Structures are given as C-alpha cells and as structure tokens.
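Peer 1: All chains should be modelled from the sequences, with the hints used to inform the complete structure.
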Amino acid sequence: MTIAANRERTGLSRRSFMKWSGVAGGSAALVATAAHLGMPGTSAQADSDGITDADKTVWSACTVNCGSRCPLRLQVKDGTVVRVLPDNTGTDELGSQQVRACVRGRSQRHRIYNPDRLKKPMKRKPGTKRGDEQWEEISWEQALNEIADKMKDIKENYGNEAFYIQYGTGVLGSTMACSWPPDTTAFAKLLNCYGGYLDHYSDYSTAPITQAYPYHYGSWVNGNSFDDAKNSKLQVMFGNNPLETRMSGGGQLFVTQDTKKNHGVKTIVIDPRYSETAALLADEWVGLRPGTDAALIAGMIHTMISEDLQDQDFLDTYVVGFDEDALPEGARENSSYRSYLEGKGADGIEKTPAWASEITGVPAERIRQLAREIAAAKPCSITQGWGPQRHANGENNARAIFMLAAVTGNVGIPGGGTGAREGAQALPLSKPFYNVPNPSNKIISVFGWLDAIEYGDQLDTFNGGVCEKVAPGVRSNKVPVDDNGNATNISLDVPLKGIFQYGSNSLVNQTGDNNRSVEILQDETKAELIVTCDIQYTVSARYSDYVLPGTSTAEESDIHPGENAGPMAYGIVSQAAIDPLYECRTIFDICTELADRLGVKEEFTGGKTREEWLEETINVAREADAELPTYEEWKEMGIFRKNQGPAVALADFREDPEANPLPTPSGKIEIYSDRLAAMSEKWEFGVFRPELPGDKLTALPEFVETWEGALEARENDKYPLQVIGHHYKARTHSSYGNVDWLKEAHTQSAWINPIDAAARGIENDDEVFVYNDRGTVRLPAKVTERIVPGTMSIPQGAWFDPKGASDVKPPSEANQDKPVDVAGSVNTLTSLHPSPLAKGNAVHTTLANVVKA
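Numbering (our numbering), first residue to last: 58 to 910.
Simulated from the structure, these hints should not be mistaken for laboratory data.
All figures in this text were calculated on a predicted structure; none of them were measured in a lab.
Relax, there's no trap hidden among the hints.
Straight-line C-alpha distance at most 20 Å; calculated EDC-like pairs for lysine to aspartate or glutamate: (1) K207 with D580; (2) K699 with E150; (3) K317 with E341; (4) K800 with D858; (5) K583 with E213; (6) K699 with E689; (7) K182 with D206; (8) K860 with E870; (9) K134 with D636; (10) K318 with D149; (11) K212 with E511; (12) K287 with D315.
Across the chosen pairs, the derived CB separations fall in these ranges: (13) Q873 with G387: 47 to 57 Å; (14) T841 with I108: 33 to 43 Å; (15) Q873 with R654: 40 to 50 Å; (16) T148 with I108: 17 to 27 Å; (17) V744 with T146: 49 to 59 Å; (18) N676 with E640: 28 to 38 Å.
All residues carry an ideal CB built from backbone N, CA and C; glycine is no exception.
Peer 2: See the structure below:
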C-alpha cells in the first residue's frame, strides 16, 4: 500500500476534516494572531470555556519534547474531540502562572484526526525495500506473533546485545507512554524482562555537552533558573532561544518575559541567527559564525587578563588549570589556559581579540567591549542553549562557556550561573513501573547506532563510543575511560539486528545524512527487524518492517511531569478523552501482548494494570512530598503547581568547596582536564570514516578548527556556506510536522543573508536548491539580515520527501544519483560524522551551496 493509499484509508479530505473539526475558523484565526510568539492571545476564543453543549471536558496534555508540558482541556461531543482549550487555572503571577499551550498544543485535534494517522498494523510487503512504502494491512494477532517469532530468532542467533531501542522523544512528557530515555520506555522493560538490550548514552539534543560536563564539573549541572536573573546586572545568552524552543507558560517564554518586564535586566544574545529571543527579549544581538564560540570567549578572556578584569580570587579557590600554578601534578609546562591565551602553548598563537575576530566575524573592538561589560557586571547570568555544542567542536564550545562563568566568578551565586542551560524547579515524580534493570552492561553513543548496524564488533571506546555501564541498570554519564585515559569498556560482540522505536522519527529525518541513513537501513543483511509504533505515518515508519498504530494522549490516561517553569514545579494528570480510534492500542497493551508471547508477561506487568501503575507513581511521589495530591485528587484538578523559588546551581560548592566538592578528580572546576590530556594521546580517529580536522581531544576548552567549519568555509569554493538548523515554532523537532495549520502559519524556508543572496541572484521567496555532496533540498528562500553573512539556517524537523531525478533535477553533478528532498529536511545535507569526545550529533557543522531553482 502506498502512502497515498494510506492517506486515503483515513477517509478524510481536507474539506471534510475541517468540517469535522467544527471550530477550525476561530482557532485558525487564533494561530494567525499569535504567530509572532507562538502563544495564544487574549482573543475571545482563547479566553472562552469553549462550546456550551459539549458532552464533557477532559484534562489532557501536550507531551512532545519542547521542554514544556502543557495541560489541554479537550471538549468531547459524540465521542469526538471538538475543541482544545488552554489551562484555565493558576494566575498571571510567576510561580503560580497559567500553563497556556502554544500553537502546537492548541492544534492537538490535527494530530488526533490527521490524514496520516495510523489505523491498523501494517507489514512491509515481501520483496520490497524499506522505504518503497508497499504495505499489507494485517491483524494484531499476526503482527505480534511474527514480531515475537523474529525476536526469538535474533536472540538465539545473536543474543540480546543485538536488540536496540532507537532514540526518540515524541512522547517524552508522559510516564506510561514515555518514549525516552530508553530505560523508561515500555519496549525497554519488555526487553529487560527478556534478557536486555544494547543501551545508549546521551541524546541527540545534548550529546557533546553531556559528555563535556564530567571533565569540567564532574557531572551534569544546570544553570540558575531564569527567574533568578532578577538578581543579575547583565544576562548573556549563547545560542539560547527560549522564546521559540521553550514556549508556553510551562516553558521559559513566560519566565524570561516576566523577569525582563519587572526587573529590566539587560540581555545580550550571542547567536548566528537573530532569533525571536534576540528580537523580543534582548537589548543587543552579537552575530558570530557558527561553531566559533570558543574563539570568541578566548578573545574576551584575553582582554580580561590583559586588563586584570578576571575574578582571580574565585579562580585561585575553586578552579584547576587556569594559571600555571593551578595545574594538576604532572601537567606539562605552559599547558594552562592563561598560557594558551598568551601564545605560550603548543600552537604558539596569542588569542587576541583580533585573532578571535578573524575566526568569529565579530569586530575586535566589540569583543573587547563584551569582555569589559561581562566582567564588570556583578553578578552576570551566563547561559547557553544547545546549539553551540551541536558542532564538530561542540564539547569545547560548551566547556568554554562554562569557563567564562568561572573566570568572571559567577558560579554558585544568585544572579550568576554556571554557563550551562538554565535550570528550573521540579516535583519528585519518578517512574516505578520501570523497575526491572537491564541485564546487559553495554552502551553506545546515541548517535552511533548506524555504526553499530554496519560495524558491530569493531566498535570500542577509542573509535566508536562503546562503553560499559557503571552497573546493570545504571546509565553512564561519561565516556568510559579511567583517570589515565585507558578504556574501561567491553567491546560489542555483534551488530544490531532488531530495532524498536516508539514515538520516534529518528530512523531517518532526525539523525543525519538522510540518504546515507536510508542506504544502510535498506540493506537487509544488516538490520533484520525494524518495528515502529506511532500515531502517525512518519518518515521513519516508511523504513520499517512492521508499523503498529499507537494511541494519542487523548486516548489514554497518563502523568506528565512539568519542566522549565522557573520557580514553579508542576505536574499534569491526564485522562482519556475518547476511546482509541480505529485499531490503535496503547504501548503498554502492545508490549504486554508481546511479553505474553515471549513468556515474560507477569514480570512485565508486575501484576498491575496500567491505571494501577499510574496510581503507584503518585503514591511513590507522595512519600517524597506529602503536599502532593492523591491520584484521584490530581485527576480531578488536572494540574498541580508549587512555587519553590529560584534555583541557584552549585550554591553549596560556592559556600564551602571543601565540604561540598565537585565529582571531578580534584573536587574543583577543571578548566584543564588531565583525563582529557591522557585520552588525547590514546584515542583513535578515522577507523570507520576518514579522519578530519577537528577529530581531536584537548585538555583545555580551546577553539578547534573543524571539518566543514567556519575556517574551511572561507577556502571552499564549491561549498562556501555554513548551514545550521534552528528549532521552529511550527514543530517540536519533527512532531507536528504534518499539521496543516502549522505548515500554513510557519513556512519552511532557507534563511540567507542579503549579501549571499545578491551574489547568487536570489530574491525573497525564490525557490532554491541548497546542496552538497550528501544531498539536495528544494525550498523557498527567506532573504533576511537576521542571519549572519556566510551562513544559512534551515528549520530542523521538516519531513524528508525525496523525489527522483525524473521529478526534480538536482543542481550538482555530485548528486545526480540522489533524490531531491522537496520538503527541506536539513538532515538531507548534514553528516553522520560525530563529535570527537561524545561521538555525538554534530549536524550544525555542515557546508553547502545554494542556487536559484
């Protein structure tokens, strides 16, 4: 069955869908009036209690991975959700604020009743390739029997290490329907009961920064919460864009705007793109070339030490490696960060503002001004989003921003911060259902799963990012080496053979190099079983063997821990508003049936129903916080909130570093890491793909020139433009990527600076090809000064739609054998080459060119 046939099966044309929705006109107008922020406005539609003749109004939630969790009130008429209403509880005061959903959550009906909605289990037709989209509709009985039989076959032939749960965060904000981390998913508990699976560390959003933390702070550390910026004299945000990435009352949009409105803290945004946050929150925007944050910071700190502006007392007390006399024993002479700045290090280059300007594109005098302003602001809030670390030198970018907070003495104090992404308060909601540990002790990088399919037992610590977990069921927080840089891993014995994904579009579309990913997945001598469970016929579903129709949040009850509401901790308990549509089933029920066929049903369910596990979740939380409501009380109120005040990270360390040491070898902040120094001498690169510039580890957070980075772009005549991808209001990653309202309100386009556009004869709204050797995308151009020259930005998450040469002729001779992606998925252009330390997602390091179509 083709995708067109799949759409036809829903029986919904656009006209009939809009008629069924009933209130499309009013809500569409709401989207248009609020498009500038992604927030519902104060129109009658937003403030009303909806239709008066609804049969019931039920608390539900939007659970995608934006960082927020927003309550929705679903109005039901004749068994159909007819209206989506926002939270009508709480106040307009920070700490008890309403958690109003953004345009994505308010378009929930367009996910529930989407033409792409999966209806019945499907099996890829024998003799066709993954991606050919030839399907047979089959019964649940046949689907589960065949999947279970294949699982038994894989276990017998390869063992449990051949099973893998693919990364995906489409239902991250749920408890019983959670899609990540893998050890809190139903597939994980099923496989744990069946003998285990190959785990992964980190995530696509944060792999480089996650693995940078242990070598600087010892473990993951948040920044201060954004509401704490009321105590700041200055707020500096590196690639941090909460007004787009964390919208709604449950995200940071309200927190940052409220703090700005009431306290007026000056804000500087440093970003290659003039984001919504730069436009609507910041007082100043500093545009720099992508991936050059560490160079900018080096130039700033050079100014600070030249003018004696650094907080030397803080550095002497809390920090290792900034000065020569603060290096760990055994470190080489002139290996401190000060020596690196002064040109006494191995490269012999003084890191002056002029040097930094050549790399970053920021004028040298502006770098000096920034340095003086940041150093003089006492205190200064310094945060980073997760764009700077999603580069080939991402670990060093992240560490450099951490370091700036230390050099200016802002760690552990109100109004300051750690240089990490902002923190927030949270309720003690754990997930007791996932109480069976993974018997397997092996774990790979989240970005290394395709390598594990291709290379299997060739992977190890030094070339592939495989490691041994601390203990069964305990997830690793760092790359697996001891303090001398020696491997502590157990290498893989077999390649991946069975892949399961739930609420995930990361087989293809959200990984990197879409065309190469497809090529690997279509080779059936490698992965032998790919099972996808979702509510939509996603891009990744196309490349599966079995597609199982899951239930939407509207069709199941669940618990949704809130995040990123500043001082306000909160949680949502949702209830099923409607019966499951078509033949859709919950992931709990699907895995229970599989567990029965695999002989582990009792262990999987723990003798409890799904509803009983939800109640147990609240009971366990109430043991930690008796102020929490009971499950029945929480179901009635929908959302519970609690003002816990600002979060100040590492306050105990700042107060008494001897009594509260960090989990680093020194107990202090480590600007110089002797572990990284040892690892840099032992790690191998280029085992599976050519070694490239940037494939190196450094003991200091140095600027590292990389493959396809800012410096190469200046010398590359074929592909001279850096390409990054930004998060977009129309989608959360790829979730909501097929919703008609959002696609109409927020057009997918390639952002290009007028200088670069004029040189190529491109005008605003022209159709263009953006291309490199990995692929080609076709989409409209957005010609704007909101992106720095030499750089393009394509909103990430658009659904890959490849067309052959007979449909669209690619502009590059190198791509004649590759289809053109007419949807504009940025990962058609990006690479599978990982970052050096984390072996993580480095897709913001991409070069391409653009021509008028």
